[in-house]
Amino acid sequence: MTPIRLVPAALVAALAATTTLPAHAQETASYAVTTDVKLTTDQRSRGVSDSFNRPGAKVSVQVAHESGLVGLAEFATVSRKQFLDGAGLGITLAGGYRFGDPEGWHYGLGLATELFPGAKFQAPHSFNMETGEPGDWRSTRYHSAFAVAEIGYGNLEARVMNVISKTYRGANTGGVCGTMLSLMADLTPALACYARGDHNSRGSWLFDVGYKHALNPTTTLHLHAGYQRIANFKEANFSDYSVGITHKRWGFLWGAEWMTTRTRVRELYVAMDGTRPRATDNSRVVLSVSRSF
Amino acid sequence: MKTSMTCLLALVGVALVTAAQAAGPDDAKGLWMTAERDAVIRFAPCADAPAALCGTIVWDKDAGTPASTCNVRIAQLGRYADDAWRDGWVFDPRENKKYKGAVRAKGDELRIRAFVGVEVLGQTEQLQRVAVLPPKPVCEPGS
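Taken in order, these protein sequences are the chains called A and B. Using this note's numbering, the first residue of the first sequence is number -6, and each one after it goes up by one. Using this note's numbering, the first residue of the second sequence is number 49, and each one after it goes up by one.
Chain B on its own, in the form it takes in the complex:
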């Protein structure tokens, strides 16, 4: 009986740890560096729709040049379900393309999926969490 109880407690403990590790809607919030380390995107509640999640470029290696994409909103996702932010769009400002989108966070990795129609017809970009922005160049507000 004691052994069974120990096993049960262990299982509950594992379940709790697993639950604690499961992704939640807040996990996507924060600063994320692109794979090619050329931009940082801040994911946070949208200013104009607080229940939604918006992604905005807050650092660009080309900041201060004509190629700058500073302050461009590159994603807006309407709701969180099944471990992903869904029902929205993602936008590639360098190529001026907008697609349906989904965003998933797991630990220090963020995956942005851009697709047409159904999610299987798309491409995933993987980003890494960063604590602070690179010091230079700086994206000026409204630039």
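Bound-form chain A, shown alone:
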């Protein structure tokens, strides 16, 4: 959970009116808005590049109300070579409720959606074993929706997300089996995938555990482990790990994070650069700089 940076509850006019008031005379904020702008050498999600291993940018706006209600809107650049026909944009919208003691047990419940405007792909949802021809070509979007639960104790935090949309990032028979069919040298796994019938990935689970440790007032160590279990497509299950460090300086937050994945079928995380396939799940160090407003 990204720490929020508190911003006043007042509107511009109200702020102007309170500018000359001493602190004790002001009202405490009833809600906070945080805007973060982040530049990164690679826009990764669960350890896999969404930006085709290239630099990316992300703008996040978080709103927290004193009732415990929180909202998030996030806009990130993504590659059109991975999110085909899209606008090159990934949007995350989330809302929920957080409660508890940040030094002790704390919890969160919510709903989230991940949208990739315009992005979709065509893939065969069946394979005729007699003729050797793929069939039932259909279009699938990459949009996903989740139910989210969080639990933490101090700086240790865990998150579980259940996919409530029809697919998780387009994982269905066309997306998974079709990709395996087109990219794997050995067709046996792809044919076995098709032989299971036409499925979607509703009900998939995403698990994350993170820990933060302040090395000093300006430097923090970040550890993360994640696992995704994709319903009906065990080929797409994988885990990811990262170790990172962030440092505050000159009003910016500087980050360096080593990320790695343990994917089962790497072809599912390959995107085509023209005619050349390129992996997006390689281990690498990702650098970033961000600023809160």
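Please note that a few of the clues may not be correct.
To be verified - To spell it out: a stretch of chain B is covered by chain A in this simulated footprint if at least three of its residues, at any positions, have a beta carbon under 8 Å from a beta carbon of chain A; those stretches are:
(1) 145 to 151
(2) 158 to 170
(3) 174 to 185
Please keep in mind that the hints were generated in silico from the structure rather than gathered at the bench. We put the CB at the ideal spot given by N, CA and C, even for glycine.
Here the structure of chain A is known, so what remains is to put chain B in place on it, guided by the hints.
For chain B alone, coordinates are given in the frame of chain A:
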């Protein structure tokens, strides 16, 4: 029996040491340097409410300039409970924002938590204890 007694004494000793190390209300008092080393805050009983704890900027790297925040009260906490000063507010003078607050001291670290509503909806700033103020620039009284 002798062994049990030794163990018991050792446990009591550990408990006493632990108790001695546990944070108390006075631990937050003193001078604290911000993470970005741009200001020092003095936490002490409030002049106008001695049972409360107040935090005041007593050194600012911008002292003597229009951006100076010298002598601004940035926190006031009403009571000490569960290892933290609570029931009060914290104030960011550079952005003119005031939030609910909690202050915790542990050894040479002080954590100031600013939040809206419930403590989980907030941000923590970590400060480090300093023995003396940097020599320059100087915050003039009433500046």
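Broken hints, numbered, in rising order? none
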